[in-house]
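Engineer: This is what each chain is made of:
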Amino acid sequence: MKPHLVIAALLAASPALAQTPQLTVYTYDSFLSEWGPGPAIKQAFETECGCVLNLVGAGDGAALLGRLKLEGARSDADIVLGLDTGLISAARETGLFVAHTIETDLDLPLEWNDPLFLPYDWGYFAFVGNRGEAHSTSFRELAESEQKIVIQDPRSSTPGLGLLMWVKSVFGDEAEEIWAALADNIVTVTPGWSEAYGLFLEGEADLVLSYTTSPAYHLIAEEDDSKVALPFSEGHYMQIEVAGKLAATDQPELADQFLRFMLGDAFQSVIPTTNWMYPVVLPDGGLPDGFSTLIQPETAILAPIDQAGALRDLALDEWLRALSR
Amino acid sequence: MLRLEALDIRQDDFRLQADFAIPAGSIVAVIGPSGAGKSTLLNVIAGFFPPVAGRIIWEQRDITGLPPAQRPVAMLFQDNNLFPHLTVAQNIGLGIRPDLRLTAEDQNRVAEAVRRVGLDGMEGRKPGTLSGGQQGRVALARVMVQRCPLILLDEPFAALGPALKSEMLDLVAGLAGETGATLLMVSHDPTDARRIAPLTVLVSEGQAFAPQETGPLLNNPPPALADYLGGG
Amino acid sequence: MPGPSDWAALRFTVLQALLSALFSVVLAVPVARALARRRFRGRGLLVTLMGAPFILPVIVAVLGLLAVFGRAGIVNQALGGIGLPPVQIYGLHGVVLAHVFFNLPLATRFLLQGWQGIPSERFRLAASLGFGPSDVFRQLEMPMLRTTLPGAAMVIFAICLSSFAVALTLGGGPRATTVELAIYQAFRFDFDLGRAAVLAVIQMAVVTVAALLAFRFGHINGFGRGLDRPFRRWEAEVWHLRILDALALVCAALFLLIPLAAVIWRGLPGLLDLPVQVWRAAIVSVVMALSSTLFAIILALCLAYLALARHRTEAIALIGVAVSPLVIGTGLFLLINPFSDPARWAFVLTSLVNALAALPFALRVLVPALRDIVRDYGPLADSLGMSGLSRLRLLVLPRLRRPLGFSAGLAAALSMGDLGVIALFADPERATLPLEILRLMGAYRMDTAAGAGLLLLAISLFLFWTFDRGGRRDVEA
Chain A
21 MKPHLVIAAL
31 LAASPALAQT
41 PQLTVYTYDS
51 FLSEWGPGPA
61 IKQAFETECG
71 CVLNLVGAGD
81 GAALLGRLKL
91 EGARSDADIV
101 LGLDTGLISA
111 ARETGLFVAH
121 TIETDLDLPL
131 EWNDPLFLPY
141 DWGYFAFVGN
151 RGEAHSTSFR
161 ELAESEQKIV
171 IQDPRSSTPG
181 LGLLMWVKSV
191 FGDEAEEIWA
201 ALADNIVTVT
211 PGWSEAYGLF
221 LEGEADLVLS
231 YTTSPAYHLI
241 AEEDDSKVAL
251 PFSEGHYMQI
261 EVAGKLAATD
271 QPELADQFLR
281 FMLGDAFQSV
291 IPTTNWMYPV
301 VLPDGGLPDG
311 FSTLIQPETA
321 ILAPIDQAGA
331 LRDLALDEWL
341 RALSR
Chain B
229 MLRLEALDIR
239 QDDFRLQADF
249 AIPAGSIVAV
259 IGPSGAGKST
269 LLNVIAGFFP
279 PVAGRIIWEQ
289 RDITGLPPAQ
299 RPVAMLFQDN
309 NLFPHLTVAQ
319 NIGLGIRPDL
329 RLTAEDQNRV
339 AEAVRRVGLD
349 GMEGRKPGTL
359 SGGQQGRVAL
369 ARVMVQRCPL
379 ILLDEPFAAL
389 GPALKSEMLD
399 LVAGLAGETG
409 ATLLMVSHDP
419 TDARRIAPLT
429 VLVSEGQAFA
439 PQETGPLLNN
449 PPPALADYLG
459 GG
Chain C
1213 MPGPSDWAAL
1223 RFTVLQALLS
1233 ALFSVVLAVP
1243 VARALARRRF
1253 RGRGLLVTLM
1263 GAPFILPVIV
1273 AVLGLLAVFG
1283 RAGIVNQALG
1293 GIGLPPVQIY
1303 GLHGVVLAHV
1313 FFNLPLATRF
1323 LLQGWQGIPS
1333 ERFRLAASLG
1343 FGPSDVFRQL
1353 EMPMLRTTLP
1363 GAAMVIFAIC
1373 LSSFAVALTL
1383 GGGPRATTVE
1393 LAIYQAFRFD
1403 FDLGRAAVLA
1413 VIQMAVVTVA
1423 ALLAFRFGHI
1433 NGFGRGLDRP
1443 FRRWEAEVWH
1453 LRILDALALV
1463 CAALFLLIPL
1473 AAVIWRGLPG
1483 LLDLPVQVWR
1493 AAIVSVVMAL
1503 SSTLFAIILA
1513 LCLAYLALAR
1523 HRTEAIALIG
1533 VAVSPLVIGT
1543 GLFLLINPFS
1553 DPARWAFVLT
1563 SLVNALAALP
1573 FALRVLVPAL
1583 RDIVRDYGPL
1593 ADSLGMSGLS
1603 RLRLLVLPRL
1613 RRPLGFSAGL
1623 AAALSMGDLG
1633 VIALFADPER
1643 ATLPLEILRL
1653 MGAYRMDTAA
1663 GAGLLLLAIS
1673 LFLFWTFDRG
1683 GRRDVEA
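Chains as they are written, first to last, in the working numbering: chain A, 21 to 345; chain B, 229 to 460; chain C, 1213 to 1689.
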């Protein structure tokens, strides 16, 4: 293969359909995979809007925000989809986003009224283990148990950060103590969710930090009911994934249309079995069967978005101190 | 005629001076104690090492500043005279065109050279599969096709047995005689010099002396040469 | 400015890289020596297979290692079976173990190249002088090792310096924080490009110091070149050395091949029904690997020529492996963004960055070989007037065939296995195989991911084997 041919092919491949309106949505990479929501959503929206939907992947949520900051107002993106609650305040500070105009009626465990960002799915973090083993029902019990856990590093992973905020929100000033008590349970800390989940499935740990919805995947896609999420009495930290419209968009109407579409049935109904999260608007057909077997946390926890940044820095220092001993 | 005009060669502590002429078409042995600078003298003539002063004149032309390939010189080194990854024919062909784009006529010349050195049928072999004598013949065949008027031998046959070495030297002397080339050969062995070289350049104590007749020089050596020859 | 936690990260990073480099090269000595002086059936296959860990995506290789050394791995099951307590792989020793697993094959290849650089005539001479094995070691092998070991250790040190996933996954927690992770944090948490750049500069500075030290102690002194004859090692033809060599080879093979077998075993079921996206990604990866290889070879040849004149050129190339792909990717992004959409250049950029990553390895084998060529055949080529392209075509390329084949194979395989910067500019239509594996894992499809990992391993090995073979074919004739 000659390099200049490759370049030519690359240039030729970028769509040159000037007439058809185009909407560019930046999202995290796994959203786009064949097993993610991307393909179904692209097809459904393009049928509806008579436009071209460009889904562009950029790593994970944090990398997505990083890319947006790098590009600034020059960005081609009209919509960013895939930031989570931990990133919202940082995203807001960029000043790149503009308020949406969508009326919402969301099925969320808590009130949502952010002017810039609209949720599209949500879930609870939870430890996932194998059915039939004696499992802890709280962080304190886990810390005293012999159970081995594998978690993600909050500095490189969204679930890792979620766990950090979970412990901090529940225990406040005692968080460091809890981490110190958990230290001997932690087999290892991985850079991302995939590595941790992989280690757990290979039997390296009894529990892995994941989502309450993880067992649904095994049940629905693999007909395997051996995985369970552990209900914790302290409550479960939430992850809400959101999308926002960029101020510099050249397709404001189309962007609004996409945000409305995002809360519609065509989008929401594919979320449970592709992103393995809860939809923010219950689809007409309800949730897939396997979801009824999932644990339903009684207490949903989420740090106030404005305080998330400061809390996070504090919690990270405690985490590092406790686990570096 | 090869003229060395007030050549001054220095390398660290080593120093060698030369100022003489060698008649065209002559065969000259270069003899002297180990480390006296015999190889260095040849390397300077071939263009691998620059003198600090003086000139090298070939047929009225100053070649002191020319790169090796532009000098009228074909040189054989102590070792590494053949490329191991190329065939016999390719190694010889390099003497005609260094890019090996040979015409049919060039190839005929290569074949002729192969025949002359008695290596018929070995054109496709790699040097690693040949004996030492055969490798020497390949190198000579290349010198033959190079058609250079000045041939420098830096003891390329030192590793061969006496009989084989003599055979090679006869071959190269015959070749030089045929084309009228001037031949300079470094030698450790006085019998080599007596055998083919009517003239001898003595290199000793920082000086390369003008060529003298080999027989009288060896029969009646000056003290430095006498020491080297071991009294006889 | 870097804080105390950054210095702690730097200390850990340097420590683990030092230990990893040290163990890799020391353990490679008996293995390379055994390969250098023994001829047996399947030797070529063993050499190729042993190189496999180096080109595997980190997570696939780590899972293979854990199948052997993990909590539920073979070793611990065996220990449990005879009533012994389990060994814990997580920690500094686990990080070093994994790095040795990745880099022992590389070190072995470097040293093997060194052994093959000793002309067979020397061993013949040694045999004729009645040298015993220890004399041969002192007179021939030790001088070669003195010049080869520092360079090999330096390259491995540089690789381990930017370790991120291995160090974190097997390090067991924030004690095992590397500079690379600190860079990640600077990007993700604080979006502090300045801090990320400072950390990247520190990383580079460490590599540069290491490289200068290695050049200081690793003089390249010459071994005269022989006539490429296959060689025989008379002094080693005694039974206790045969046993020693067999032992070294068996241990290395077990250490490297059992985790590999686990990868294969784990991947086989998934390999049978890989989705079409995986195959598409495989094609993208192969095309990218080939173009990376081309870039790498051209760059390596140019730099090798420069390195002949200036020793330290080689050190510059090392920076390519030691600097985080995140930093390189972001840097390129910032460079291109004002002029064009970086995503458009994803393919070319990734090829180029992958090529850069292969450069230090290519130079390590090319520079000494080129130096030998210039020393041994330069005068002859000069006197024959071989210059420019003829010299390249008739002398340099043929004489460099073996190291070039090895370099090309390595460049291709590395590019195949590298997630690299493409993740930053990801284009869903042109995902590479490693990226696809990550996506599969991210979508819970661990079995399919394992299958895709096996496919990646097979393609990488095939590419490496083809190039490497091509380089070695009839060189010995």
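Keep in mind that the hints were calculated from the coordinates and are not lab data. It cannot be assumed that every hint is accurate.
Listed next, with one range per pair, are the computed distances between beta-carbon atoms [as the list claims (entries may be wrong)]:
(1) A:Gly-284 to C:Gly-1292: 47 to 57 Å
(2) B:Gly-443 to C:Ser-1346: 50 to 60 Å
(3) C:Trp-1491 to A:Ile-122: 35 to 45 Å
(4) C:Trp-1491 to A:Arg-341: 39 to 49 Å
If you want the ones that stay clear, here's a sample from chain B, every Cβ over 12 Å from chain C, calculated [unchecked claim]:
(5) Gln-239
(6) Gly-275
(7) Asp-290
(8) Ala-302
(9) Asp-307
(10) Arg-325
(11) Leu-328
(12) Ala-332
(13) Arg-343
(14) Gly-361
(15) Gly-408
(16) Arg-423
If you're wondering where the values come from, they're calculated on a predicted model, not measured in any experiment. Yeah, the Cβ is synthetic: ideal placement off N, Cα and C, and Gly gets one too.
Engineer: Using Cβ atoms and 12 Å as the threshold, tell me whether B:Asp-307 really stays out of contact range of chain C.
Structural biologist: Nearest chain C Cβ is 8 Å from B:Asp-307, so the label is violated.
Engineer: Beyond 12 Å from chain C, beta-carbon-wise, is B:Asp-290?
Structural biologist: 19 Å, holds
Engineer: If you check the beta carbons of A:Gly-284 and C:Gly-1292, does the distance land in 47 to 57 Å?
Structural biologist: With a Cβ separation near 55 Å, A:Gly-284 and C:Gly-1292 satisfy 47 to 57 Å, so the hint holds.
Engineer: Would the non-interface assignment of B:Arg-343 survive a Cβ cutoff of 12 Å against chain C?
Structural biologist: Since the minimum Cβ distance to chain C is about 22 Å, B:Arg-343 lies beyond 12 Å and the statement holds.
Engineer: Just double-check B:Ala-302 for me: nearest Cβ-Cβ distance to chain C has to come out over 12 Å.
Structural biologist: Nearest chain C Cβ is 7 Å from B:Ala-302, so the label is violated.
Engineer: At 12 Å, judged by beta carbons, does B:Leu-328 keep clear of chain C as stated?
Structural biologist: 6 Å, violated
Engineer: May I ask you to check that B:Gly-361 keeps its beta-carbon over 12 Å from the closest beta-carbon of chain C?
Structural biologist: 14 Å, holds
Engineer: Given the hint of 50 to 60 Å, check if B:Gly-443 and C:Ser-1346 actually sit that far apart at their C-beta atoms.
Structural biologist: About 53 Å separates the Cβ atoms of B:Gly-443 and C:Ser-1346, which means 50 to 60 Å holds.
Engineer: Compute the least Cβ-Cβ separation between B:Arg-325 and chain C, then decide whether it is above 12 Å.
Structural biologist: Answer for B:Arg-325: violated, closest chain C Cβ roughly 8 Å.
Engineer: Non-interface claim for B:Ala-332: all C-beta distances to chain C beyond 12 Å?
Structural biologist: Holds: least Cβ distance 20 Å, greater than 12 Å.
Engineer: Is 39 to 49 Å respected by the C-beta to C-beta distance linking C:Trp-1491 and A:Arg-341?
Structural biologist: 48 Å, holds
Engineer: Minimum C-beta separation from B:Gly-408 to chain C exceeding 12 Å: can you confirm that?
Structural biologist: Consistent with the label, B:Gly-408 stays out of reach of chain C, its closest Cβ about 21 Å off (over 12 Å).
Checked against the numbered hints above, the structure violates hints 6, 8, 9, 10 and 11; every other hint is satisfied.
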